[in-house]
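Engineer: Just need the whole structure built from these sequences, with the hints factored in.
Protein chains in written order, with numbering that gives the first Met the number 0: chain X, 0 to 366; chain A, 0 to 366; chain R, 0 to 395; chain D, 0 to 395.
No lab work stands behind these hints: they were computed from the structure.
Yeah, the Cβ is synthetic: ideal placement off N, Cα and C, and Gly gets one too.
Possibly wrong hints are sitting among the right ones.
[Unchecked claim] Derived lysine-lysine pairs resembling DSS-like cross-links, with alpha carbons at most 30 Å apart:
id : chain 1 : residue 1 : chain 2 : residue 2
1  : D       : K173      : A       : K258
2  : A       : K315      : R       : K390
3  : D       : K27       : D       : K99
[Claimed, not checked] One side only, chain A facing chain R, incomplete, derived with CB under 8 Å:
id : residue
4  : T245
5  : V247
6  : Q267
7  : A271
8  : I275
9  : E278
10 : L279
11 : L301
12 : V307
13 : L356
14 : I360
15 : L362
[As the list claims (entries may be wrong)] The calculated label-pair distances, taken between Cβ atoms and stated as ranges, are:
id : chain 1 : residue 1 : chain 2 : residue 2 : range
16 : D       : G301      : R       : D359      : 47 to 53 Å
17 : D       : E58       : X       : S10       : 21 to 27 Å
18 : X       : E54       : D       : Q12       : 45 to 51 Å
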Amino acid sequence: MNEEQQMLLDSAQRYLRDTYDFNSRRDMANSEQYISTTHWQAFAEMGWLAMPFGEQHGGLGFGMEEVALLSEEFGKHLVLEPMLESTVVAGSVLTYPGVAVESSHIDALVSGEKIYALAHQEPDTTADIDNLSAHAQHVANGLKITGNKAYISAGAVTDYFIVTAKLEGQLALFLVPKDAEGLTVTRYKTYDGRSAANLAFDMELPFSSLMARGDLARSAFMTMRDRAILGASAEALGAMQAALDTTVDYTRQRVQFGKPLSSFQALQHRMANMLIQIELCRSLVGAACRALDAGSEDARRLTLAAKVKVTSTARKVTQEAIQLHGGIATTDEYVVGHYFKRVTALESWVCSREDALVDFIRLTDAA
Amino acid sequence: MNEEQQMLLDSAQRYLRDTYDFNSRRDMANSEQYISTTHWQAFAEMGWLAMPFGEQHGGLGFGMEEVALLSEEFGKHLVLEPMLESTVVAGSVLTYPGVAVESSHIDALVSGEKIYALAHQEPDTTADIDNLSAHAQHVANGLKITGNKAYISAGAVTDYFIVTAKLEGQLALFLVPKDAEGLTVTRYKTYDGRSAANLAFDMELPFSSLMARGDLARSAFMTMRDRAILGASAEALGAMQAALDTTVDYTRQRVQFGKPLSSFQALQHRMANMLIQIELCRSLVGAACRALDAGSEDARRLTLAAKVKVTSTARKVTQEAIQLHGGIATTDEYVVGHYFKRVTALESWVCSREDALVDFIRLTDAA
Amino acid sequence: MTDYAAFRLEVRQFLEASLTPELRRAGKLTTSVFSDFESSMAWQRILHAKGWAAPDWPEEYGGPGWDIHQRYIFQEECKLANAPSIIAMGIQMLGPLLMKYGTEAQKTEIIPRILSGDDVWCQGYSEPGAGSDLASLKTTAERDGDHYRVNGTKIWTSLAQHSNKIFCLVRTNKDVKPQAGISFLLMDIDLPGITIDPIVSLDGQVEQCQVFFEDVEVPVTNLVGDENDGWSVAKSLLEFERGGHNFTIDIKKQLGKVRDQALRIRGRGGRPKLEDPVFRTQLAEAEIEAMALEQTELRIKGSFAAGGNPGALSSLVKAVGTELSQQFNELSVDAVGRAITPYFPEGLDPHFEGETPVPDYATTTMAEYINNRSATIYGGTAEVQRNIIAKQILKL
Amino acid sequence: MTDYAAFRLEVRQFLEASLTPELRRAGKLTTSVFSDFESSMAWQRILHAKGWAAPDWPEEYGGPGWDIHQRYIFQEECKLANAPSIIAMGIQMLGPLLMKYGTEAQKTEIIPRILSGDDVWCQGYSEPGAGSDLASLKTTAERDGDHYRVNGTKIWTSLAQHSNKIFCLVRTNKDVKPQAGISFLLMDIDLPGITIDPIVSLDGQVEQCQVFFEDVEVPVTNLVGDENDGWSVAKSLLEFERGGHNFTIDIKKQLGKVRDQALRIRGRGGRPKLEDPVFRTQLAEAEIEAMALEQTELRIKGSFAAGGNPGALSSLVKAVGTELSQQFNELSVDAVGRAITPYFPEGLDPHFEGETPVPDYATTTMAEYINNRSATIYGGTAEVQRNIIAKQILKL
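Structural biologist: Okay, structure coming up:
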């Protein structure tokens, strides 16, 4: 780890340890607010919302490796604020070379003033990029777009949606403000304590809201997806590591049949298996981030592999964490079940395990 | 279990316990003989080779339930003689209503005088019934059939092969003596201590060697396959039960780190898992046999389910048996690895797990 | 011989006529072993009027006198018709236990009120710090004349907030081996000194409670079985709990649900997820496991019917049934994908009539997935079941 | 900075020029960690002439002075070119151990003969009845002047039948804690009192032996390390054995093999098995595990290179590498189906030129599957690796 990375990690660990204890987080998740503006402002001030942007955008020019470092800490603390959604995912699209967007948007994103999120998933489908129902067509003064989007992570606090739709048979990306005429936003909470929204729209937009189309849109989307996958994988890695650590602590303290649970060999082997699987994930996520930052040829394949491996492992590890705890882990007031809920929500965010696996096979067989 | 079944089981257990100890079996497997004619004759005398045949064939009129009882005992003792191949599989075809075969063949089979075996599998393929390369055509005085068959279980001791081939685009079944002109039989041993053969043929056969074709051939084949699956599943059940029993005994006696292995909880749980899986298999095999004997509508679906479940379980259980033993189980002189080798050979005999699963899905979705 | 087809038809017609749309909705919206409380009780009253509230009970106590197959058919039809679940603590647990261990007075006073639903019972077994090690429980009952004075706390007490009665395991003798000093005690839940703290579960709902006892006075006539003999009473109850359930019925229901979900979700290429060969294969493998479980349950039923005792086989069925049920939860999660995420508890209320952000077929998926993680914890953890198998069947 | 691409090319050209068809066949026909014995030794002599027989050794002992990446490249290229394996007991195990613990005399006399292949060493660690519990070994060496008198037996001694030397763990003090009284001793295998019993493995071949010692006299100068300090010597060897292996190289080879097999076998509908989406998915999932393992090995290599000690991470790699390798064996078995059944040991001899009943692509499949079951048993069982992880990393 280089010095800059160490500084980032230290400051994240310090801030989260001091301000983001589980009970405050739980109160926030149970409140009518979706996120803490205090935290969000602090994130902006610490430069976390500017991390991956180039200096021309006031950013720090960090790569996925640094995003992953921070995401992993967010995973450990179950951070509710949408850094991944806005900074990493939306930010990746807004700053993709060739994508048409006013620089004021990037300023608003980097400063934390506005929140941006991807609106791609449609109801009753998996996230397949090639089968969108939402569609756009040219009209007199711009474009008319019609369709539905669902389960948009951070959707309840989003100011601008990056909406995918078909335009003349091609993928197109639109930037749509939450208060656009013809747009209905249904906001709600999610099981992992965050917010989301569904969109229904039949709206006319100015031509300037079309950010990209065709090959450009597609490659911006795919680059965004890689980053979303790795950000989510790193967050899941943090969550599962924390779930294991909590389990190890708990079994050391908990006495049953006259001995600490941790002394039962069957449980020791299960915790050893959890550790083994987590370490394998850590290796893949790290390698994929470095490959992405270096622009390596195998970056996407490593990214997809990380998605597949992390998704299964996070599911299994957090399930095991609950099982090894017993009843306590099934309550809202104990942390470990929240890791389970969070990694479950991450499973299908932007890209499902199944989609990743199919694309992995496609890339492998094409090589 | 009814009285007849109890008698059958008692006599099988007595005979095998008294004459079929592991060391004699091992000597036979390592000898240049493939099977023991003494045992084979004894099997005939005890009526085992006549079991599933009707009284008109001098048989006992037993169903799959009784075949399974005996097969399970054969599995426990790793019996080398081809009761399943000749009596159950070939016998099922020869006595299928409408199949054209001289009754002297059935007499020869029931008396143990001749051995019959299915020659269906082709090189470089799985056992898919719809993709045979072997083909037959009408010639002046009969039929000419050309092709290759491979890995025919019991093939080195077989007197008559039941050969599958395409005749005018349809499945056809031929009865071919081992010394037919134009037939080359390559005989060899198999890893499970038994024999097999490959066939290469380009031969002219009399018209009487065509036993069935078209729908009749197909339904005779499928009925045979059901019986082969259940016989093999019952044998695998016996083998894995014996592997577990051996493991339980061994871990009780073996001391490591000052305690019997059986007192380590991690190992206890693994043996409990072995038992659980074996019992699930036992339930399915029993139900499938009863359904087949009763001619129930769900018989084939249960049979395919049993194949899928038993195949995975037998693999896993015998692997675990080796692992829990340690080094000793990797030697030829210790029994437990032979169960592993036997169930591995059974995995793909007549029907693979994959084929069974695909057919299961087809039947399920058609319902 | 009983005409089972006719019986099934009779049950089906009764359910058709008796299950209101609200009750069916309550059944459909069930996300754990308990349905909406009011709906469950309403359904129990309807069943009671028909004489079917306690299918497993002998006729002398108001059971319908059905054989084991009829009971299975009844359960299966109820499940298929989306009837709400009947709360188990009274009818499944305490009732049979009183029939075996209760005094005449207990039998005549308590059992009819269980059947009618006039009393709602909850179970006080587990304690914080005890878990699978039930024998280490610490709640004490000290004899004081014709009363016990009870102090301590019980946890994971399901539906205590809706119950008027509680049965508990309490320690009546500290000077003997842990298992030897335990007694089985019945209490009114509104006795002075009892307080109830609801526990919010991971799905955000309250189903369980912690119950505190502070100098609670309970008449000694409320003892079930002999003083200090509560362990054998409790063990028989654990066996009811473990063996009394037909996992196959629930799992078949889950299977149907996953199939339906996978038909409704469009996967890659816009085709139904069910047509994806990898998903279809996983589902088939799970279905085969369900068939193996079903045949094992039938074996056990056959052994019961023949007067045998399945013993530790019920541990096997508990272990397999709960884990397989969890596997189906995962297949559901895989099938519906992102539609699991909305947290919209209003939508789980059978009386709610508004719009929800989540489609019908996925309304309960996440809550079921979350809640069913408990299935391998309560009633003897998955690990305890394996210990039992290792000890009792393998003799390790 | 080293030009690794140029290095890879150099290695590749050397292999191209030096590996005879017979040697390549021996490599291809390898069914365990050992290739055909004569072929292995012939290949070692060729490598020795080039100075490449011991890639991991420092230059002062005749190693090529490669860094960790070069060694990896060399191993990988050897594997891809189907070179026979080099026997590990001398070069991988005893050599580095003598460099660390040997006397000057041992270093100068023994090490060069390991490198040249003039001596063939085997390992006497395990005993019947000891297994994973190495500290309980019973073979004794009693001091008698300037000799030890050795009595006992060793088992699972690979290639003893081909070796002229053996290194053993022996008990030199019975009156202390089991681990404290062990010494590390070198012997000629033709000493009076040593007899060798071959053990037939499950695949029908002999690779391992039991070695018996009856009043064998061994000079005390043959001790490595201090008397009674054999445990620390042995432990360092176990670490060489565990950490020295690059599982990824073998597993990538397996992956390529399975792909090839699945292309050659026609599955349902007559299409290559590799196009079956379920099989293809299983293979992809295994490939992803292999990538995770590879990246973990690279992490460890990086930590080594940075002077760190990967410690129990090598247990992790051993556990994952062996189990994943077994998973690839199973995929091979699934791919080739019935072609695994023929037992035709002649076909495994690199000099055999006749017809075989089994196709090329499946010749070794069953023997590999069988033999590789040992991978999770020797060098510390899968269970021992998990014990180490639980103790050393999780501190349980």
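Engineer: State for each hint whether it applies.
Structural biologist: Here is what the structure says about each hint:
no.: 1; hint: D:K173 <-> A:K258; verdict: holds, 20 Å
no.: 2; hint: A:K315 <-> R:K390; verdict: holds, 22 Å
no.: 3; hint: D:K27 <-> D:K99; verdict: violated, 35 Å
no.: 4; hint: T245; verdict: violated, 13 Å
no.: 5; hint: V247; verdict: holds, 5 Å
no.: 6; hint: Q267; verdict: holds, 4 Å
no.: 7; hint: A271; verdict: holds, 4 Å
no.: 8; hint: I275; verdict: holds, 5 Å
no.: 9; hint: E278; verdict: holds, 6 Å
no.: 10; hint: L279; verdict: holds, 4 Å
no.: 11; hint: L301; verdict: holds, 7 Å
no.: 12; hint: V307; verdict: holds, 5 Å
no.: 13; hint: L356; verdict: holds, 6 Å
no.: 14; hint: I360; verdict: holds, 5 Å
no.: 15; hint: L362; verdict: violated, 10 Å
no.: 16; hint: D:G301 <-> R:D359: 47 to 53 Å; verdict: holds, 52 Å
no.: 17; hint: D:E58 <-> X:S10: 21 to 27 Å; verdict: violated, 46 Å
no.: 18; hint: X:E54 <-> D:Q12: 45 to 51 Å; verdict: holds, 47 Å
Of the numbered hints listed earlier, those contradicted by the structure are 3, 4, 15 and 17.
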